[in-house]
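Novice: Chains as they are written, first to last, in our numbering: chain A, 1 to 427; chain B, 428 to 771.
Simulated from the structure, these hints should not be mistaken for lab results.
No false leads were slipped in.
To be clear about the criterion: a stretch of chain B counts as covered by chain A if any three or more of its residues have a C-beta under 8 Å from a C-beta of chain A, and this derived list gives those stretches:
id : region
1  : 495-507
2  : 552-562
Here are the computed distance ranges between Cβ atoms for each label pair:
id : chain 1 : residue 1 : chain 2 : residue 2 : range
3  : B       : A620      : A       : A332      : 55 to 61 Å
4  : B       : G587      : A       : Q312      : 41 to 47 Å
5  : A       : A49       : B       : A659      : 38 to 44 Å
6  : A       : A259      : B       : A533      : 53 to 59 Å
7  : B       : E467      : A       : Q106      : 34 to 40 Å
Ideal Cβ placement from N, Cα and C applies to all residues, glycine included.
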Amino acid sequence: MALPFLEAMVPAMAATRAAKPPVRMAFVYVPNGIIMNGWNPDYEGKLGALPRILKPLEPFREDILLLGNLTHNAGRALLDGAGDHGRCSASYLTGVHPRKTLVDIQAGVSFDQIVAKQVGAHTRFPSLELGMEDARQAGDCDSGYSCAYTNNLAWESETQPLPPVLDPRALFERLFGKGQTLTPEARARENLYRRSILDFVSDDTRKLEADLGPTDRRKLDEYLSSIREIERQIERAEKDNAQIDPHMEKPYGVPADFAEHFKLMTDMMTVAFQSDLTRVITFLVTHEGTSRPYREIDIPDGHHPLTHHRNQPDLIEKVTQINSYHVRQFAAWIAKMKSIKEGDSTLLDNCMIVYGAGLSDGNRHLHEDLPTLVAGRGGNYINSGRRIVYRRETPMCNLFLAMMDRMGVHAERFGDSTGSLDGLDLA
Amino acid sequence: MQFPGKAKPPVGIVFDCALGSKIDDALALAMLHGFEGKNEARIAAIGISNPDLKAAQFADIVGLFYASATTGVARAFMHLTPIGLDEGKPRAASPMLNAPLARTDANGKPTYTSTVTSIHDTADVTTLIRNALTAQDDQNAAFVLTGPATDLAKLLDTYGLRELIAQKVKLLCMAAGTFPDGPAEPNIKADVAAARKVLAGWPGPLVAAGYEIGAALPFPGASIEKDFAWSAAHPVADAYSACRPMPYDAPSWAMAAMLYAVRPKENYFKLSGPGTITVSDDGRTSFAESENGRHRYLILDPAQKERILRTYTEIASAKPVVRKPPHPADEKKEEKKEEKKEEV
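Chain A on its own, in the form it takes in the complex (with noise of 0.2 Å):
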């Protein structure tokens, strides 16, 4: 099992100069765009007030950054037609104009694989691809392109995508267990004499904790507690889902409840920053042209038809709510990464959040001004609360080449990028 970031790593005479934690990435993906208004403030520098949607981020207004007028080219119809949902999606890391077929899918290498097979080697997983809604990798979801296309976010060759991992339990086994995801018999097997995977290893922990300061303590204490929890969280669900009509295919180990779900994601990314297990991740939230009904907020409708809204207020009003929502999970994973502490910083300021969607009004399909926040510091780097406005049509691109620099990965260009966005740093 791994382990976070002790402070009784760093040796005493080196800890002024080696004491740095890694820099992390991670993609928050959100579909169907959101609704602008709501969205953007009306200002540009230092971070207020910020609007409907953005609300619950208020109080972490100091430790992100908003980007507007960013663009994705390659998302637009380019002579394609329809397919606005399948081609932002798979453009969005690729910075690819996708191929529109629904069989011999073509893309090309998403920057965040780019970077994977660099810092990677540092990780037990270069990377982890994780959603929470169909993983499909066949059939048309979108006027023409291949649900490869809307179900992945990230591609390790112009051909493969990487499918999202759904299912927590799969998650926390992967990261935590044996390496490799049980198949339902086997876990249920498993079940019949399983135990937390903190007995396993508690004498080890023990004999640990006696060689360390009660900083390090404390942090070793927490960290196995919130793994202890994500447990209980699992068995909760596994139940949870034992009283589901099962005439519904619900995967095994997903909790049917939206906000737990991403709660149970967002807690084992949480881990998997902290113990250095990747520093790269993928969340594609729910998929493009998802029609999602939001029941948990009173939203029967599917999410999909409504952002069709027409400008119509009342159809607005519901796409606002669910966007808020969205972002009301997002805001309490970004108060987790912010309370753990890393050295003289948190997990938060040494990573790179982007909170963000390939459409920005996803009632005309518009791909540009996309909806982007950049959360954390990347490790001290990022002069973070304030709105930066770029010209419009900035490529998108652009971000992710200051990015990949931020990572330590040099590029001279990426997908159409004109350059590294600038502004973003502390100079």
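Chain B: place on chain A using the hints.
Specialist: Chain B in isolation, oriented as in the chain A frame:
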């Protein structure tokens, strides 16, 4: 910028100009909108090499003026392409830009309201044009250059753009030079190095509309008060009236370039044989005929003069047309709504 992928659309025009110094560019812009209304051309991108936010604001209000006939769902779905603008300090105050932007109605409200309020509302010209070209069918775009060649020279220096231009663009028509010879023309003179780069490196056919063409085809100032009078307020007419003391006729080499780019086969002009245009250090152009040359220049056919001037005024003063919404279903629903309203 985007176009549903069905039948091949009309030619996509990339218009790069220097709005502010000469009225000819504003008239060419009006022509471009007129051609778009007639479905003879599409505005792929508008770039402005004169680094003046007011130039972008003017291009914006002209665009909004021509979009004004479209209402309802089609208007809600309408997406106007951003204006590309070079960054820098404006060279000089421009009466032709100031007048329409400062015009107010009886209540003191601006007659035209621009959506461009800062440089962030404009786009980098190179990026804008690059993106626009990616959305064009092969050999179905044309460039019309009516200012210095500064922006186009930058394009040629940008990674991958030369190849993209060769793939997508069938013609560059530039209002530049004097042919077969004569004094230095202002657009060339404004950036000699850029003109040389574009003339030497443009990866496709290039036709020049020389200053002499514009001088021989003066746009009739009387047309402003006659043909543009259908609208109580017309931004291009306001610009014209403010540019110089009225009445005056304006040289039209930018309009000639626009006309040829959109209607190259309608014999408005004669063409020189193929050759190569070169530029001297002081900005004078010279043309050397050669069988393999990729350059030509327009030659005025006196028999076509009246027809050209009629076309100028007809297209530049065309009224805005109603644009259809992107989805026919939306249009039908909107019609039903309107019917219901009328019943009530």
